[in-house]
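Peer 1: If you read the sequences in order, they're chains L and S. Heads up: the first sequence begins at 1 in this note's numbering, then just goes up one per residue. Heads up: the second sequence begins at 633 in this note's numbering, then just goes up one per residue.
For the record, the hints were derived by calculation from the structure and aren't laboratory data. We put the beta carbon where it would ideally sit given N, CA and C, even for glycine. One thing to keep in mind: the hints can contain errors.
[As the list claims (entries may be wrong)] Pairs of lysine-lysine residues, derived as DSBU-like cross-links and limited to a Cα-Cα distance of at most 30 Å, are as follows: (1) Lys-840/S with Lys-498/L; (2) Lys-812/S with Lys-623/L; (3) Lys-840/S with Lys-551/L; (4) Lys-824/S with Lys-623/L.
[Unchecked claim] Taking beta-carbon pairs under 10 Å as the criterion, some of the chain S residues facing chain L (in silico): (5) Leu-647; (6) Gln-660; (7) Gln-663; (8) Asp-683; (9) Val-736; (10) Arg-836; (11) His-851; (12) Val-852; (13) Gly-853.
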Amino acid sequence: MTAHILVCLSSSPSNARIIRSAARTAALLHSPFTGVYVRDPQRKLKADDEKRLQENIALATELGAQVEILEGSDPAYRIADLARSRSVSEIFLGSPPSSLNAQNSLANRLLEYVPDAEIHIIPDSGIENRSQLQIAGQKKRFSPRDLLAAILIEAGATLICWLIFLSQYENANIITVYILASLIVSVVTADRIYGALCAFASFLLFNFLFTEPRFTLLVYDTRYLVTYFVMFMASLIAGTLASRLKENARQASANAARTRILLEFNEDLQEASDEEDCLEITARQLRELLQRRIAFRRCENGKPGELHCWQEGERNEPYPAEEKELSESLCADPLLPGASGEKVLVLPIRGSKHLYALLSVEREGELDSYEDHILRSLCAECSLMLDNLTNARERENALILAENEKFRADLLRSLSHDFRTPLTAISGNAESLLRSAPEEEEVRRIAGDILDDSGWLNEMAENLLAMSRIESTQEIHTSVELAEDLIREALEHADRHKQDHQITLQCEEDLLVEADARLIIQVLINLLNNAIKYTPAGSEIRVEAFREEDKVRFRVIDNGEGISDERKIHLFERFRTDGRAADGSRSLGLGLSLCASIIQAHGETIEVKDNEPHGTIVTFCLKGVDYEYPDR
Amino acid sequence: MNILIVEDDRSVANLIAATLRSSDYHYQIAQNGKEAILQAASHAPDIILLDLGLPDIDGVEVIESVRGFSQAPIIVISARSEDSDKITALDAGADDYLTKPFSVEELLARLRSTARRLQYVSSDEPASPLFVNGVLQIDRDAQEVTLNGEIIHLTPVEYRLLTLLAQHAGKVLTHSYLMKEIWHCVPDESVKANLRVNMASLRRKIEKSPDARGMIQTHVGIGYRLLKY
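My request is simple: use the sequences and hints to build the entire structure.
Peer 2: The following block contains the structure:
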């Protein structure tokens, strides 16, 4: 199983330490790295906590984590859920030392929910102070509207109870009405505290108004104590249940809303035909969701392009200038998770291979973490889509390229094939002329030229054919061949002027090589023809083959003028002729580049060296084949 | 000597015709495969020069049809440099091949050597244990090979290879044919290596005599041939 590291993010100042140690582990194991923060919708973080949280999220992103922001009041449950779905192997979390022993600490519950994962607990002294938060939260909970509603409902309930009491129905009905009242309060109001207050008030009112002695809080009949207790507990529990239900429904709808946004966005994106379109859809969607001005720049070759921005109706001010600077800094550093200035926040839209675009959001009034999460999710979705588009286009291009390549190869093949038949007639007739009119000098010269040129054309056709084979597929058909056979065959097909040179063959016995015979013969013919063409008549040309460790080295050596060092550098480039060819003898310069390609396809390289005292050595190796003599 | 030229390209047909005329051969020209089979049946040519790329039927089919009624040597002329075409043709019953563009000199040399072989085949007495080819002499009964009268020592495989080549002197024998005949097994890389090395060694032993130089021809990627002197 591969490792997957999960780190729990929090607004604690020491959370950074935990993130770093998790990131180190992830880097060490080369494993995927996820950061998670569970937002409790019931609790609003204080401004500086929120800020620290954003910093920690940014840090995690920077260190390579994929940050997930989840919602729920039970962090352990949500984290465990994520950990299971991602097959997380190690969880890093901070915990105040004091809470470690507590039965329901986050760490203990995670241990219970995700028994497969290793859990690393890092002492965290500064983890958010719950009691303090509780108070901060409660202040907000007293909303006059909710209080008024609770009082009105309670008063209404009391009125109904009064009527029931007057009409001499059983007291049990009164209790039911009060339980109903606290249930209604719990549903209507935002916090369960109203339900609890209601339950308490109902108990007091029932005691005060409807039990003997009436209009006092005294109790004569001890049986009523049980009734009071049951009534209080029933309305308290009913209220709590109702408010929890409501909370769950709210959470679910919040999650559903976000899922819907992402889904709709995804559907919109599917319709994008190109990258520009994709970015525009993203920007439009974000503008609607965040109600802020959004701008983007496309990036090409690591440089930010032109700014795309939509002006909102009455506001016609230019987009904040600092965006440009931030964009440039983001382009320069591919690892930055984003950059924020005074007025704008710039986020990179980065695919698997490169940076596609930079998206900037005006940060007039800080983005809360929900908005931030939406923003980052949409950016991630957008970059995924851009990746898809890019990949699709690359595949298409590759297909076109392959088709072009095939067309080229087919063309070359049929061309060089069709060359041969007319060349047979041309060279054959020239040869016949040469044979039949030995005494006419002029005819001999013309026939000789025709023969030479058709020979050259044939050589070129052979090279084109070999090139179409090697370049279109890079595929060679090797078999075991005798080095000597290859060289002899090449000598036979070399230039017809070979008798003007002293060509010798020096080959060790029984040298077996693994080679594509046709192609290697073509290489040797090219090397021989070059040596014949570029050395004066009477020069020595020696072809050698000898064992060199587990390989067989071939050398074509001449004692001509040699090749200057600057020419050597470009010798194997395509369509480059040796400078000496400029004197009139044609050459496409195909021969040597073809030789290099063929030898390369055999997994070796071709080299050119100086001969002593003068001349050229062209040399290459081929894979040798061991041979044992079973029959001797 | 009567030769059938099967060639659809007019210039090449003319070239071959002119070459044959200059060397006093008789010839007919067939321009497609069907015509070729008809003429081969009606004129009974001594040698057939067959272009593989015919407009109507595949050259290999022509070889197979002709082999149904005639054992006349077939020299295949191919513009295709792919070895597999030539091997298919040789295995189908062709004796030799020429690759376009070929030289006139080469064409005449092939015709001469084929003609010599025809003489040998016609004068062949199957009972004769003696095979004589220039300075080379093989005595099948004594399993003895002499070169200029001197005995040369061959390994069993070399001897079998030589007798096989001698039996089909003048004809190009493909690698797969030789491997099947000598080793009786499916050819793989090690058998191929075996064949190459044994052939090279055999050739070295025979070419010790300057008179026998070039008697065994290597056709890289295709096969070997013992040239009939």
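Peer 1: Hints first: check each against the structure and report whether it holds.
Peer 2: Status of each hint after checking the structure:
1. Lys-840/S with Lys-498/L: Roughly 25 Å between the alpha carbons, so the hint for Lys-840/S and Lys-498/L holds.
2. Lys-812/S with Lys-623/L: Holds, at about 27 Å.
3. Lys-840/S with Lys-551/L: Cα-Cα ~29 Å, so holds.
4. Lys-824/S with Lys-623/L: Holds - the C-alpha atoms of Lys-623/L and Lys-824/S are around 16 Å apart, at most 30 Å.
5. Leu-647: Nearest chain L Cβ about 4 Å off; hint holds.
6. Gln-660: 19 Å, violated
7. Gln-663: 14 Å, violated
8. Asp-683: The hint holds - Asp-683/S has a Cβ within 10 Å of chain L, the shortest such distance being about 9 Å.
9. Val-736: Check passed: Cβ of Val-736/S comes within 5 Å of chain L, closer than 10 Å.
10. Arg-836: 7 Å, holds
11. His-851: Holds: closest Cβ of chain L sits about 8 Å from His-851/S, inside 10 Å.
12. Val-852: Cβ of Val-852/S sits 5 Å from chain L, so the hint holds.
13. Gly-853: 5 Å, holds
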